[in-house]
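Student: Using the hints, build the complex out of the two chains.
Protein chains in written order, with this note's numbering: chain A, 485 to 598; chain B, 544 to 656.
In case anyone wonders, no lab produced these hints; they're calculated from the structure. Here the structure is a predicted model, which means the values were calculated and not measured. No residue lacks a Cβ here, since even glycine has one placed at the ideal position from N, Cα and C. Warning: the hint list may mix true and false statements.
[What the hints assert, rightly or not] Computed list of lysine-lysine pairs in PhoX-like fashion (alpha-carbon distance at most 25 Å, straight line):
(1) A:LYS590 <-> A:LYS552
(2) A:LYS485 <-> B:LYS600
(3) B:LYS600 <-> B:LYS558
(4) B:LYS600 <-> A:LYS590
(5) A:LYS485 <-> A:LYS590
(6) B:LYS554 <-> B:LYS600
(7) A:LYS526 <-> A:LYS590
(8) A:LYS552 <-> A:LYS485
(9) B:LYS554 <-> A:LYS526
[Unchecked claim] Only some residues are given here: those of chain B computed to face chain A with a beta carbon under 7 Å:
(10) LEU586
(11) TYR591
(12) PRO641
(13) GLY642
(14) GLU644
(15) PHE647
[Claimed, not checked] Ranges of calculated distance between the beta carbons of each label pair, as one might list FRET restraints:
(16) A:GLY500 <-> B:ARG607: 42 to 52 Å
(17) A:SER530 <-> B:SER601: 36 to 46 Å
(18) A:ASP551 <-> B:GLN593: 26 to 36 Å
(19) B:PRO551 <-> A:GLU501: 38 to 48 Å
(20) B:SER550 <-> A:ASP523: 11 to 21 Å
(21) B:GLY559 <-> A:GLN535: 39 to 49 Å
(22) B:SER630 <-> A:ASN506: 25 to 35 Å
(23) A:PRO498 <-> B:LYS600: 40 to 50 Å
(24) A:PRO492 <-> B:GLY559: 20 to 30 Å
(25) B:SER570 <-> A:ASN597: 38 to 48 Å
(26) A:LYS552 <-> B:LYS600: 24 to 34 Å
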Amino acid sequence: KQEVTQIPAALSVPEGENLVLNCSFTDSAIYNLQWFRQDPGKGLTSLLLIQSSQREQTSGRLNASLDKSSGRSTLYIAASQPGDSATYLCAGRDSGGSNYKLTFGKGTLLTVNP
Amino acid sequence: GAGVSQSPSNKVTEKGKDVELRCDPISGHTALYWYRQSLGQGLEFLIYFQGNSAPDKSGLPSDRFSAERTGGSVSTLTIQRTQQEDSAVYLCASSLSPGGEQFFGPGTRLTVL
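Extracted from the complex, chain B is given alone in its bound form (with noise of 0.2 Å):
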């Protein structure tokens, strides 16, 4: 079956302009989780939806960051005034529960310019 997409794949931009990621999970699954992955930082987690809410927002890193999920599959994550410090490799997951074996994405590339 399918598995979580994520798109674009790649997306550059300049400073100060906003972008949308976007990220289908795996049909069925109820768990949508972002994360980001940057040089050296690893690793780390964004928020995550169970279902349409987000109870957890707790990782998203300031308040130019939002994310929302509708119909309880497709998620936006969206970056106002983008900055250089934003760019990073945006990975998405989903997971048959909360605490499942998370499936991935492959991530979106951003390049703030």
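Okay, chain A solo, but in the shape it has when bound (with noise of 0.2 Å):
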């Protein structure tokens, strides 16, 4: 069964830094893997989907890898701005007959500090 978990937990970073939000996970038969923000009281917004095949996915100042040997994902946010101030939850999908499913990791709370 797939685990996904987020380390850290909180990050609190100063406007204008260049920032790395980590993701691992146990099972490298892994399908895809999606990216999402959430911010409070709010649903998920999905920012970047990769999958197996890939080794990165680019959108803006985002950009998200993935290397299934290692059963990680990275997401780097250039150039962060207070706006960027949410929480970061990645979650992956398993190969074979379930891969519609999203096992969630507890995600990773950004502040982007002014």
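Tutor: Below, the structure written as structure tokens:
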């Protein structure tokens, strides 16, 4: 059964800093991995989806990588802004018959200070 | 275009009452999912629909929980005889295909007194 871990649980940085959020998973037979952000009291906003055949995906200031052999994914945020403050969640799907089901980490609470 | 919508946004109920939570997925999305987000528990999978069928109900925590989907669109999650431990945010998501990118609704915050 896939298990997803996110470290650290919370991160505080000054505005303008580049930062990396970490996600690890236990089963390397991962189908794909999705990164989300969640603002307080809101639902999840999809940021990036990386297929198992891909090494990275980019969207604006965000870059997500996937290394199946080490069971790790990272989300890189360039030139952070106060508006980036949110909880960031990663979620993986297993290969095989249950590739529809997302298994979530508990998230990293990011605070970007002006 | 319209995203996933859920209603109500907030629901406060008394222990023992039944509640119904509604999800309207993105038009054309055949796959629909329910998740629950509790303090300290993170996000847990509840049930998956493909069309109107639910091939995976493994995440439903007890037989008090049930869900249906009609017309390949709207889904309703029903909790009977609510308990305080049912208090959580219930999130619905949909995707174009089962392994595809999931898009989430804003959630329903359920409080059982």
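Student: Are any of the numbered hints broken by this structure? If so, which, sorted upward?
Tutor: Per hint list: 17 and 24 violated.
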